[in-house]
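2 protein chains.
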Amino acid sequence: MKKQYAVLGLGRFGGSLVKEFYELGAEVLAIDIDQDKVDQYAQYVTHAVQFNGIDQEGLKQVGIKNIDHVFVSFGGNIESSVLTCLILKEMGVPTVWAKAHNDNHAKVLEKVGADRVIHPERDMAKRIANHIVSDKIIDYIELSEKYSMVEIVATKKIHNKSLADLDIRAKYGCNIVGILRGQEIIVSPPADEVISMGDVLIVMGHNSDINRFEREGV
Amino acid sequence: MKKQYAVLGLGRFGGSLVKEFYELGAEVLAIDIDQDKVDQYAQYVTHAVQFNGIDQEGLKQVGIKNIDHVFVSFGGNIESSVLTCLILKEMGVPTVWAKAHNDNHAKVLEKVGADRVIHPERDMAKRIANHIVSDKIIDYIELSEKYSMVEIVATKKIHNKSLADLDIRAKYGCNIVGILRGQEIIVSPPADEVISMGDVLIVMGHNSDINRFEREGV
Ligand SMILES: Nc1ncnc2c1ncn2[C@@H]1O[C@H](COP(=O)(O)OP(=O)(O)OP(=O)(O)O)[C@@H](O)[C@H]1O
Ligand SMILES: Nc1ncnc2c1ncn2[C@@H]1O[C@H](COP(=O)(O)OP(=O)(O)OP(=O)(O)O)[C@@H](O)[C@H]1O
Ligand SMILES: [Ca+2]
Ligand SMILES: [Ca+2]
Ligand SMILES: [Ca+2]
Ligand SMILES: [Ca+2]
Chain B
1 MKKQYAVLGL GRFGGSLVKE FYELGAEVLA IDIDQDKVDQ YAQYVTHAVQ
51 FNGIDQEGLK QVGIKNIDHV FVSFGGNIES SVLTCLILKE MGVPTVWAKA
101 HNDNHAKVLE KVGADRVIHP ERDMAKRIAN HIVSDKIIDY IELSEKYSMV
151 EIVATKKIHN KSLADLDIRA KYGCNIVGIL RGQEIIVSPP ADEVISMGDV
201 LIVMGHNSDI NRFEREGV
Chain Y
1 MKKQYAVLGL GRFGGSLVKE FYELGAEVLA IDIDQDKVDQ YAQYVTHAVQ
51 FNGIDQEGLK QVGIKNIDHV FVSFGGNIES SVLTCLILKE MGVPTVWAKA
101 HNDNHAKVLE KVGADRVIHP ERDMAKRIAN HIVSDKIIDY IELSEKYSMV
151 EIVATKKIHN KSLADLDIRA KYGCNIVGIL RGQEIIVSPP ADEVISMGDV
201 LIVMGHNSDI NRFEREGV
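Those protein sequences? They're chains B and Y, same order as listed. Under the working numbering, the final residue of the first sequence carries the number 218; numbering is consecutive throughout. Under the working numbering, the final residue of the second sequence carries the number 218; numbering is consecutive throughout.
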């Protein structure tokens with residue numbers, strides 16, 4: 001059977017989540033204490049209902065027990081968010097994810113059984129700070145604590161040089177696993193591939209190696 | 001000279017930005033209308049000052065003209081955010097980025113000259129919705145409109161099979177550019193590399209190819 005999702009709290013984060021689920025064709029129940037929000041998102045969901053997330057009777061009536069994965073997204077209202085998570089876990093919802101307002105909020109959410117705590121603003125700030133400070137880094141994924149993959153813009157410094165000329169693996173210990181050129185992508189580029197300024201290099205490696213390459217090599 | 005940053009508005013996003021800049025060793029001026037916020041973040045910044053972002057005299061006094069890159073992060077207060085961006089651009093700040101509350105806010109920010117508009121909640125919701133709906137996708141970067149790189153968890157289905165056995169490039173048109181196994185990473189894995197359940201495959205390719213691989217191949 002298709003998985004059933006519910007989003008409680010239709011702020012910027014919960015509301016965006018609902019729209020994304022809609023685009024991905026997922027079935028979603030949306031709940032907000034504010035009728036205007038309910039009306040605004042009704043078009044994107046299977047059901048949209050107005051009530052307070054801490055209202056156990058309301059949760060029973062919408063059949064929350066049959067939902068596989070619930071998302072609690074009232075970050076600003078810490079007490080309600082914590083209480084709602086507690087109730088959802090006690091009612092037997094298999095997976096409950098919650099948005100945290102700050103680190104203390106996160107700790108309490110984990111204590112009451114939230115299966116995962118999300119910090120959208122903090123995580124996006126991290127991405128953007130890296131991006132701004134470096135000037136060359138466009139985006140990144142942390143692959144593990146030590147390894148990352150980053151998109152780095154090729155500057156004048158390496159314009160018209162081949163990967164063999166640059167010898168990045170030997171000099172910096174990191175690997176170019178792809179090159180984006182306009183809308184095209186070159187996967188596992190060969191050693192004789194020539195870089196142009198503005199190419200986006202997709203680099204995988206140890207964080208310290210990538211940092212060194214980004215500062216000195218490109 | 002080292003680049004100078006300013007963050008106006010120390011909510012969850014602006015506040016996180018300040019902390020990230022601090023960890024990256026960048027020089028930051030922090031401004032908030034709320035003295036409590038100013039006190040809370042003073043330890044992370046070069047200067048922390050309390051005033052309203054629309055106060056042109058205040059901006060002059062802190063030397064905003066000498067800042068290279070200003071971040072306006074009062075999403076909830078649309079009028080102030082727009083007016084502040086307008087003033088900053090008129091005062092000659094080279095780069096102004098602003099956080100938008102919604103799409104209309106974003107449009108107005110662009111009209112008044114914001115160099116980039118950020119939607120932290122929406123962007124993170126997009127990542128998370130993809131992650132939840134797929135069950136196998138851990139994270140992704142959009143490389144272009146058509147291409148992405150994703151982290152996909154290897155399931156029982158491909159346990160103990162080599163990359164040559166799976167022949168993913170021929171069957172699905174996408175490429176495994178790396179494998180994460182515990183804390184170790186295998187870059188550009190050879191064809192005889194054997195996959196174990198729980199390995200994280202780093203897959204690059206056309207969005208539709210990745211989707212097909214994720215649904216049918218893994
Ligand atoms: N107890 C509750 N039950 C149901 N909905 C609630 C409850 N408390 C708040 N909400 C709703 O949750 C939504 C998000 O609330 P709020 O704006 O306080 O959080 P936020 O973390 O700042 O949101 P975002 O940053 O995602 O915009 C609002 O639409 C609000 O009406
Ligand atoms: N005109 C202003 N001048 C200076 N600071 C302001 C102004 N308006 C709001 N702020 C500050 O900006 C910060 C963020 O405001 P608010 O919480 O409304 O935005 P937000 O987008 O919901 O934030 P976030 O989601 O990042 O927590 C607050 O600390 C607030 O005091
Ligand atoms: Ca927010
Ligand atoms: Ca940058
Ligand atoms: Ca808010
Ligand atoms: Ca998932």
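Hint data in this document are derived by calculation from the structure and do not stem from the laboratory. Certain hints may be false.
Identical copies look the same in the list; a pair holds intra-copy or inter-copy alike.
[As the list claims (entries may be wrong)] With a straight-line Cα cutoff of 27 Å, these simulated DSS-like cross-link-like pairs (lysine-lysine) come out:
id	residue 1	residue 2
1	LYS111	LYS89
2	LYS65	LYS146
3	LYS156	LYS37
4	LYS126	LYS37
5	LYS161	LYS60
6	LYS157	LYS60
7	LYS60	LYS19
8	LYS126	LYS107
9	LYS126	LYS19
10	LYS171	LYS89
All of these numbers come straight from a predicted model, not from anything done at the bench.
Name the hints, by number, that the structure is in violation of.
2, 3, 5, 6, 10
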